[in-house]
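Build out the structure end to end from the sequences listed, making use of the hints.
So the protein sequences, as listed, match chains A and B. Numbering-wise, the first sequence is residues 1 to 408 according to my numbering. Numbering-wise, the second sequence is residues 1001 to 1522 according to my numbering.
Keep in mind the hints are simulated off the structure, nothing from the lab. Just so you know, nobody snuck in bad clues.
Partial pick of chain B residues on the chain A-facing surface, computed with a CB cut under 10 Å:
id, residue
1, Lys-1064
2, Tyr-1072
3, Pro-1074
4, Met-1077
5, Arg-1080
6, Ile-1099
7, Val-1103
8, Leu-1106
9, Asp-1126
10, Gln-1127
11, Arg-1156
12, Glu-1439
13, Lys-1441
14, Lys-1454
15, Val-1457
16, Met-1458
Don't be surprised by glycine CBs; every beta carbon is placed ideally from N, CA and C.
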Amino acid sequence: MNMLGMFCIRACSGLVGCRTATRVRSLHSLPGITVAQIDEEVAKLLQLKAQLGGDDGKHQFVLKTAKGTRDYNPKQMAIREKVFNTIIGCFKRHGAETIDTPVFELKETLTGKYGEDSKLIYDLKDQGGELLSLRYDLTVPFARYLAMNKITNIKRYHIAKVYRRDNPAMTRGRYREFYQCDFDIAGQYDAMIPDAECLKIVHEILSELDLGDFRIKVNDRRILDGMFAVCGVPDDKFRTICSTVDKLDKLPWEEVKKEMVNEKGLSEEAADQIGEYVSMQGGMDLAERLLQDQKMSQSKQACAGLSDIKLLFSYLQLFQVTDKVVFDLSLARGLDYYTGIIYEAVLTQAGVAPVTTDAQNGAPSEESVSVGSVAGGGRYDGKCRVWASALASRGSSPSWSRKPRHIG
Amino acid sequence: MNMLGMFCIRACSGLVGCRTATRVRSLHSLPGITVAQIDEEVAKLLQLKAQLGGDDGKHQFVLKTAKGTRDYNPKQMAIREKVFNTIIGCFKRHGAETIDTPVFELKETLTGKYGEDSKLIYDLKDQGGELLSLRYDLTVPFARYLAMNKITNIKRYHIAKVYRRDNPAMTRGRYREFYQCDFDIAGQYDAMIPDAECLKIVHEILSELDLGDFRIKVNDRRILDGMFAVCGVPDDKFRTICSTVDKLDKLPWEEVKKEMVNEKGLSEEAADQIGEYVSMQGGMDLAERLLQDQKMSQSKQACAGLSDIKLLFSYLQLFQVTDKVVFDLSLARGLDYYTGIIYEAVLTQAGVAPVTTDAQNGAPSEESVSVGSVAGGGRYDGLVGMFDPKGRKVPCVGVSIGIERVFSIMEQKAEASAEKVRTTEVQVMVASAQKNLLEEKLKLITELWNAGIKAEVMYKKNPKLLSQLQHCEESGIPLVAILGEQELKDGVVKLRVVATREEVDISRADLIGEIRRRTSEA
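See the structure below:
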C-alpha cells in the first residue's frame, strides 16, 4: 500500500475512534494534491467540530480579561495621562508631528520582518477576507506609511499599543498588550545632528518624568563590528558574539566570556581582547583615544563610527546633556537593523524594581529589558530600503510598557 | 458501506486530486468521533497545506492598509486632537473619570451580546491559547469591568477604537476600525437627574465643536411600547415594528407604513394609529397632552415614560438646553438593551454630507447613522446584570458620540477653509544668515528648549536662509530667530515675524521673554 493509502486508512482509524498514533508523512512529493482541496477538507472537518459543539458547549461566563492584558482603572489612567502629557510635550517642543495606524496590518506586511520573533505575532482568524495580524511594533507600520505616502522626510512620534504573544509574567512587567512610544526622524541630513537631538529628547523626558538618576549609554554598530574584526572574530560569528556581549548588562564578564568560548566557539585570545575593550567607558576622550589605538585604528569601519561618536559628543555638549551620556563599548543592544549609533537609557537608582528579562538566544528582541532600562534606539539606515528607495533614518524607541511599574 | 466509510473514501479522493464533489454528511450521530480527534486531523491537513506553501508562496509586498482601515496623517491627527480636547474637557467639567480596556476580549465575553450583529465580530486565530475577539463596542467591556470590580457607581468616559467586519463604504464614512466615544453614568440615583446631565453634556459638546445647528430628539422605550400596545400591535411584533418606525428618519411615512402592513403583517388600522402618534413632536407640553390622551393614558407603561419625560424637561429647563431638545415620538433608535429614555442628536444644516445607512432588519445597530446623526444613547438598566454572577442590577444611562462623523465634518471644514491646519506646534525657527553658525544655533536652541519654548533647527551645517524661511511658511511657524556674524558680535538676535516679514533686533538676554510675550498674545 502506498504512503497515501496508509495516511487515509490512519485518518479513518482516527475518525472511528481507534487510538492509532498517526503521523502525516511528507506528502509534498505526491502529485495532484492542491491547497484548495486541502482547504476544502479542513473546512468540512471544522464544520463537523462546530456541530459537535466544539467550543465548550456551555456559555459559562468568566469575568476576566484575556491572558497578558489588563484594564486601566481611573487612577492608572490619571497617571498615564500625566506621563503622556510630559512625553508628548517634549516631542512637540522639538517640532514632531504624529500619525496613527490601524491596530492590525495585512499579514503579509508583517511577514519576514521579525525573524524568530514572528511566532509571537497575533493572527486574526481567516474569516473569508484578507489575512490580518495585530501589529507587533510601531516601526514596521511607520515604514509602510512612509513608503505608501512616498514620504522622505518626517519627524514623527507615535504612541500606541502593540501586541505580542509572549509568555507574560505580570510581575516582570511584561504584557501581551502594551504601549510603545516611538519617536523617529526620517530623512537625509548632515551627520549626527538629528541623532544628537534624539538623545537630547530622551534626556529631557527622563528628567521631566522625575524617575531618579539615569544614564544614556551610547555605542555604534560599526565600532562593535570593527572591534570584533580586529579582535579576530570570524565574520560569520559577528552577530552571535554581539548578542553575547549584549548580556553584559545582566551577567558578569566571566560568564559572558565562557559563553563566547564554550558555546560560540570563539578563541580564548579573541575573547580576552574583546574583554579589554568592552570594559571601557567614557566620553569624547575615549573616542579620541580609540582612534589612536593601534589595533582599533586598523578598522576603517570602527574609525568611521568613532569619528561620528566624537561629532555626536560635540553636539551633546552644546545641547548640555553630556552629564548623563556615556560612550560604552559593552552596549550591543537590539535588533539586527541598527546600522550606526545605538543607545539605551537606564535608571541608576537602587530601589527601582528590577525588571529581569528572559535571555533570548540569537538577536535579543527589541523589548528585552535590562535592569532599569527605560528607553532605547539607534540609527537604522537601510532597513527602509526594504520598502522604498533608500531612506536614511534614525530613531529612538522608548519602551514605556515598563513605566507603570516604576512610577505606580 | 456505511456513511463514515464513504466520507473517508471521498476525503481520500480529494487528497489524491480527484475532482469528486464531496459533502460532509451530518456525522454527529456516529459514535466514537471526538472533537479532539477532529482537531488532530485538521492539524495534520493544515500542516500539509503549509508544506505545500499554502500561504501564497511568494512574499510579495503590497503597500496597503487592511480593508476598512486607514492611517491618520499628521493633519488628521491635529484635527483629532482638537476634537478630543473639546470632548474630554466637557466630560471632565462634569466630573467624569476614564478607564481603558484591552483591544481584545475573551470570545465568550462577547458571545450572546450582539444578536445578529455577532457575525460582524473579528475573531483572533486559535493559536493554541484562549479564544479571543476584538471588541465590538465599549459598552460590553464596560459592563464586564463593573462586574469584575464589583462597582455599583461610576461616571466614566472611554474613548477608543472598536472593530466591526462591516462592509465598509468609505465614502459613507463607515470603517471597520473606528473610534467610539462613550460617556456613562452607572448607579442607582433619583430619577432623571443623571439622564438630564447626559443631555446637557451632549448639548455642550455639540455647541463647542461648532458643527452648526443641531437638535436632540428624545423618546422613551416605555412610551413606544405603550403606544404599540394601545394601537393594537401584538406583543410579539413590538421589536420588529419598532425597527420599522426607526426608519422614519430616512423614509417617508408611506413607505414605513407599507413595510409595517405588507412585510410585518400589521393591520392597516394599527399602522394608521401609530402614524398619528409618530408625527408628534414637542416639549413638556406634548408629554402633558399625551398623559391626557384617552388612548395613550390606558397604558401604565406609557404613562410612566411620559411622567419621566416631564420631569426630564423640567431639569433641562434648569440646565438651559431646552432650545435644542425635542420630544419626538418617531425616535425608535438602537439596541434592544435600552429600557427607558432614548435620545439622538442630529445636525440640521444642509451642506453636511449625508451619511446614509444600510437598513438592517431587526435591531438597528448602535452605529446605524441616520442622516446627520452625531450622537445617541439612552438608559439601559438591565445590561450589567447580565454579567454579574449574582445578577446584581446596575442601572446605567449614557451617550455615545459619533466621533468619526465629527472628524469627517471637521476635515471637510478644514479643507474648505483658507486657514491651514498646523501639524506641529513649533513657535520659533532658529536660523542662520551665513555659514558656519551651526554651533551657535545649537547653543541658542538649547536655551530655548530649556526654557520650554518649542523650536526647530535645520539638520544642515550650512543651510540657505531662504530654505529655512520656506520651511517656516510651510509649517506655519510664526517666528524666526536669525543668527548672523554681526548679530553675534552685537549680542543680539534678529527676530523675524513670518507673517509680516518685519524684523527686530532683540538682545540675547531679552530674547526668551520677548518670544514668550509674542506667542502668548497670538
